[in-house]
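Colleague: For the record, the sequence lines run as chains P and W.
Per the working numbering, the first sequence starts with residue 1, numbered consecutively.
Per the working numbering, the second sequence starts with residue 1, numbered consecutively.
One or more of the hints may lead you astray.
[Said to hold, decoys possible] What follows is a list of derived Cβ distance ranges for each label pair: (1) W/LYS140 with P/ASP428: 27 to 37 Å; (2) P/SER275 with W/ASP320: 52 to 62 Å; (3) W/LYS212 with P/LYS102: 24 to 34 Å; (4) W/ALA306 with P/PRO135: 48 to 58 Å; (5) W/THR207 with P/LYS102: 30 to 40 Å; (6) P/PRO346 with W/ASP262: 26 to 36 Å.
[Unchecked claim] Result set (PhoX-like, lysine-lysine): computed pairs, CA atoms no more than 20 Å apart in a straight line: (7) P/LYS539 with P/LYS572; (8) W/LYS35 with W/LYS145; (9) W/LYS188 with W/LYS259; (10) W/LYS188 with P/LYS257; (11) P/LYS423 with W/LYS212; (12) P/LYS423 with P/LYS401; (13) W/LYS237 with P/LYS364; (14) P/LYS539 with P/LYS587; (15) P/LYS30 with P/LYS46; (16) W/LYS222 with P/LYS364; (17) P/LYS572 with P/LYS735; (18) P/LYS527 with P/LYS321; (19) W/LYS188 with W/LYS145; (20) W/LYS35 with W/LYS140; (21) P/LYS256 with W/LYS259; (22) P/LYS587 with P/LYS527; (23) W/LYS211 with P/LYS424; (24) W/LYS397 with W/LYS62; (25) W/LYS140 with P/LYS257; (26) W/LYS258 with P/LYS256; (27) P/LYS309 with P/LYS216; (28) W/LYS52 with W/LYS400; (29) P/LYS423 with W/LYS211; (30) P/LYS364 with W/LYS240; (31) P/LYS527 with P/LYS515; (32) P/LYS364 with W/LYS211; (33) P/LYS396 with W/LYS258; (34) P/LYS257 with P/LYS309; (35) W/LYS269 with W/LYS258; (36) P/LYS102 with W/LYS223; (37) P/LYS709 with P/LYS608; (38) W/LYS188 with W/LYS252; (39) P/LYS424 with W/LYS212; (40) P/LYS735 with P/LYS608.
Calculated directly from the structure, the hints in this document are not laboratory data.
Every value quoted in this text rests on a predicted model; they were computed, and no experiment measured them.
Virtual Cβ for every residue (Gly too), placed ideally from N, Cα, C.
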Amino acid sequence: MRPHTLPLVCALGLLAAGSAHAQTGEAIYKDQCARCHGAAGEGTKKAPAPLVGDRSVPQLATVIDRTMPEDDPDKLDAAGSKKVAQYIFDTFYSPQAQARIKPPRVELSHLTIRQYRNAVADVIGSFRFPPKADPTQQGLRGDYFNSRGFQNDKRLIQRTDGEVNFDFKVGAPDGTQPVKVEPSKKDDKKEPPKKDAVPPKKDEPKKEPEKKEPAKFDPHQFSIRWEGSVVAPETGLYEFVVKTDQALRLWVNDNKKPLIDAWVKSGTDTEFRGSLFLLAGRPYPVRLEFSKAKQGVDDSKNKPPPPPKNAFISLHWKRPKGTLEVIPARHLTPVKFPEVAVIESPFPPDDRSLGWERGTSISKEWESATTDGAIEAAAYVLTRLPELAGAQDGAKDRDAKLKAFCLKFAERAFRRPLADDEKKLFIDRQFEGAGTDLDLAVKRVLLFVLKSPRFLYPDAGNLPENYAVAGKLALTLWDSFPDTPLLDAAAKGQLTNRAEVAKQAERMMADPRAKAKLREFLFTWLKLDQSPDLSKDEKRFPGFDAAVTADLRTSLELFLDDVVWNDGDFRKLLLADDLYVNGRLAKFYGINLPPDAGFTKVKFEADKRSGVVTHPYLLAVLAYNAETSPIHRGVFVARGLLGISIRPPKDAFTPLAADLHPKLTTRERVLLQTKPAACAGCHSVMNPLGFALENFDAVGKFRGTENGKPVDAVGSYDTRAGATAKFTGAKELGKFLAASPEVADAFTERLFHHYVKQPVMAYGLTKPDELVKTFSENGYNVRKLVVDIAVTTATVKTPPK
Amino acid sequence: MARTRREFVRDLGLSAAAMPFLLNLPSLGFANQAKRKQRIVFMFSPNGVVPKTFWPDEEGAKFTLKESLKPLEPFQNKTLILNGVCDRVRGDGDAHMRGMGCLLTGIELHPGNVQGGSDTPAGWAKGHSIDQEIKNHLQKDATTKTRFGSLEFGVMVPERADTWTRWVYTAGNKPVAPIDDPYQMFNKLYGRTKDKAALASILDDLTGDLKKVGGAVSAADKKLLDEHAAFVRAMEKDLKETKETVGHAVPKLEPGVKKDNDNIPKISKTQIDLMVNAFAADFTRVASLQYTNSVGMARMKWLDIAEGHHELSHEPDNNDKAQEKLTKINKWFAEQLAYMAKRLAETPEPGGSGSLLDNTLIVWTNELGKGNSHTLDNIPFVMVGGGLDFKMGRSLKYSKQPHNKLLMSFAHAFGNNIKDFGNPAFCAGGALTGLV
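One chain only, chain P, in its complex shape:
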C-alpha cells in the first residue's frame, strides 16, 4: 500500500450500481469512486487528496481490489479493479496524464547562483589564455635554490613534487645532511628527509654550471618555490594552511597579493592560514615560496654560521566539508593556469522546491544581489584592465582597446555577436556618456551588460539558432557559457547539425567543469549534497572521528568519479565490490594497508558489499548515533533510488530506545514501532528495503549478529510491474536495484532535472521513455546519458508550449 492510495483506502465506500463486469473502467469510476474522489480525481471534502501519483497500474489495481470501495471492498473484483486502475492511471493519475492535463512548459529562467558565478568567471576568463596542459600531470613544480632568494643561477633542482610535505631537519633539501653532525646524534644520520621527498628524476635537474664540481646546498640557507595550480573539487570556502618554521608566502588565485604572507617570521607560530572562495571544477594558480634564511640585511658573510637549524614545510587545505589534510596530488597540477574571477557577492538560495535548482522566480534580494555581483565584477575588471584589455595606462590606443574589450565582453555575456543597434546602445552610448573618464565608460558597460536580461535570462534574448544551441549546451554541461571553440562552431553554422552538436558535447565532457557538475549531481542523487552530521557514539565506535568521516566522503567521491569516468556503467554504482581507502580508513575498517597509505582501490568484503548502498559513508549517514536506521535506509532506497514519493509521517516520532528493549534487534524494534495501521501503509514499503542492509552497523562495518542474535537481512519490494522481489542482504539488494527499470527511470529523470533545470515532460510526454531507452541501448553509460540529454534539449526546435 502506498501513501498515494491512502485516499482510496480512507474514502468512504460508494454504492455499487450495476454489475462491474460489463462496465468500462470509466463507468465503474463514475459509479463507485467519483463521489468521494471527484469526477477527475481532484478529491472532495471526504477524500481531499487528489488521485495523483507514481504507482503503476498493477500496484493501483492491487490496492483498489483490496480496499475499494471502502464500505464494501468485495463489491469490486480483481478484473473490475484493474479496469478502474487503468482508467484513472490513463486519465489523471499518472505523471503522463497530469502532463497532458497541465502541459509543463520550458519556463523562462534566470541564471542560478552556480550558473551566474560560472558565467562571470568564464566571460572574464575568455580574456585570458590557459596553457595547454597534460591532464595526467599531478603535483606542483618545485624549484630548489641554493640561496635565500630565488636567483635562477642558484637553482640546483627542478622537479615535480606530488605533495608539499617535507621535513628537511637540519639538512639540505636534496637529503644531504651537514657535514659537521655530531656523531652522537643518532637521529640525524644520513637519510632522506621524509618519505614524501621524492628523489629528483634523473633527467630533470638542471645542468650544473660547467667545469666546476656540482654546487651543493648550504643547509643554513636555501629556498624553494612550488608552482602550479590547485583544482577545486567543489564550490565553497577553502582554508589553506601552511605549516613551517621558516619564511613563507602563499599565493592562490591572485598572482599579486599573497593569501598568506609570513615572510617575516615572528614569534613561535608555525601554522599560517588564509581562506578563499573557489568554484568547483576549475584550476587556480598557486605559488608557494619558502626560504630557510635570515631575511633583511644579509650578514652571513660577516658572521660564522651557527649550527644549522631544523626546517619543515607542508601545504594543507580544509575543503568546504572536509578536515585539514595535506593537499593531495590529485588536486594539484604543475601547470600554471590563469587566475579566475570568483564573484563572492551572496545571492539568496535558488528555488529547489521541485528537487532541483531553477531560476523561475525572483525576489528583491535576488535583483539586488545581481547589482552587487555586477559591481564586484566591474571592480575586478577595472583593476586588471592592462591584463584583460591590453589597455595600458596613458597609452594612445587605450580608448580603442577598451571599446574592443567591452564589445567582446558583451558578446561573451550575451553568447552571440551584437547587432549594430545593440553595439550603439551597450557600448557607444556608454562611452559617450562617460566623456573622458574611460574607466567610468568601462564600468557603465559592464554594469549594464551584467544587469541586462540578455545576460541574466539566457533564453530571453531571441538568439540566432546556432548561438541558442551553443548557449544551452554550455549551461547544461557546465552550468556556464560557451567557450571559444563552441562559439566558433556556432559562427560557422555547424550547430544546426545534431552530429556536430554531439561532437561538441563530447569534447566539452572532458572539461573539469563537466566533471564537477556530474559529481555534484551524483552527490545530489545520493542526497549527500548537504553536509550531514556524522558524529557517532564514541564508546561504540572509537576512532570514528572527523578525519575518518572526511576520508569516507573522499572515498565515495573517488568511487563515483572512477565509475562514471572510466567504465561509465551506471549499474556499477550499485554493484561494484571495491572501495577506496587510505591508511586511516583501512585501519578503521580492518583492511591491510600501511597506516600512511594514500587512497587506493581495494576489494573489500566482495561477497557482502554492493556499490553505493554499502558504502560506509552512506550507511553511516543513514544511521543514528549508535544504532542503524532501517527506516532511513529504506526511505533512501525507495525515494532516492526507486523514485517513489513517500510523504513524511504526520507526526514526528522518536525511535524506540534500544536500551529500553535490550532483547530486541533493530529490525524487531522497527517492526514493533511501525505496526499500527496508520504507519504500516508506508512502512511496509520502506522497512523491508532497509532491512536488507541490516548487516551493516551505524558506521558501515559488517556484522553477522546484533545483541547476540543473528541479523535478519531478508527484504522485499513490490515492483511497479506487479511482481514481488525478494532479497537477502545487501548483495542481493544491489543486484535487484541495478536490474530494476524503476531505478534507471528515476536516475534518468533526476539527472535530467539537475542538468536542464526544466521539467522533462516539457520536452514531450514520451521524453522520459525515450531517454531511458537510449540510456539502456548505450549500456547505461552515464556520460552518454548526459550528452544525450544535453544534445536533445539544446537542439529541440520550439519546445511545445
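Since chain P is already given, all that's left is putting chain W on it; use the hints.
Modeller: Okay, now just chain W, sitting in the frame of chain P:
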C-alpha cells in the same frame, strides 16, 4: 583577500550603504551631541632629526621655532613640542626596527628572521598600536563609531611587508599595510558613491532593455520580466533618495599620478586632502600617515637634495652640508604637517563649533631621535591641534620619560583610561603628566 573583497562589495550594497551616510549627515547625526568629536592623527617621518635645528632652546609657552620647525609658525600657539620622551623598549631587532615597530605599540618585537644592520633578527611587534587601541575604544560606542574606525595613509611605502615598513598593528603579529596609493584610498572612501552614480547612469537604458526583451517573450514568461523591471524601478527610487549623502563634494583627483619618488609632494598633498575630507564626512576619527618607512630612502630632488634620506642621516654631526640637507628634509615634513593643520583649520567642524583642527590632534613622530647615532632617546613628538585638550603653545622638556606613558595619555584623553600600554614596565607612574 577573499574576505576583503566580499566586505568591499558588502560595503557597496545599496541598502546597507545608505545607513552610515545617513547617520553621519550633519542634520541627522549631530542633533543632540553631548560630547564634541575628537580625532587623532599620527604622522611618521623616518631617520631621526637634527637636534640643533629641531628642538627649541626654551621651555614653556615662550619659545622660538628653529629652522626644522619654522613651517609651524602660523600654528605655534596650537603646537606642543615634547623633548625627553624616549623609546625604552629593547629586545630583538636593530634600532630602526624597534624604533618603528615599538613606536606606537610600546612593546618588544617577537624573535624572528628579519636581520637588521646590527643586533639580533626579529619579527613583528608583540602588541597592538595605540591608534588601534583608540579606534577600538571609539568603535565600541555607537555615538563615536564611524564607518572605517581608522584610516591608514602612506606616502611611498615600499612594496614589502617587514618590520621597517609597518607601524600600525591591530594585534601582536598583525601589522596593517598603509594605503599609499591615493586612488586606492579614494576608492575605499568614495567607491560606492561612484558605483552608485555609474549605476544610476545606466538605469534608463536598462529599463528600456528590459521592456524590449520583455516584448519578445511569451505572455507567461513576460510576468517574470515585469516583476524584474519593478525591482529595478524600486532600486532607481532608492538611489535617488540616497543621493548626495557624503555631505561634501566628492574630491576630484588629478589622474595618472604614479607611485614614484618625484611624485612624493603631490601624493602627500593628495593624501592629506583625502584625510581632511574623510574627517569632514566623519568616515573616521583616527588616522595615520606614514612617509616612506623606517630607513626611508626618499630622494628629495625637489629640495635639490640628490642623496637618499637614509644615507644622509648616517653622516656625522660635523658634516655641515649633510646637517643642512637633513634640516631641509625635516623642514619639508614640517611643511606637510603645517599643510594638514591649515586644511583642518580652514574646514569648519560639521555640526559643531570651530574648525576640524580644534577637535583634532596631529602627532608627528619618528623612529629615531637622531639618525647617525640611532638613539631611541628624545624621539620627536610634535603635536598640533586642539583635539585632546592638551595645553598647546608650549615646548616641554622631560627627563627620559618612556614613551609608553605618552601613548597612555593619548588614550586617556579619549576617556579610555587604560592602566598601562605595551610593556607595563615602562608605564610606571601612569600617563605622562604636564600635558593638560
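Colleague: Any hints this thing doesn't respect? Which numbers, in order?
Modeller: 1, 6, 7, 22, 25 and 34
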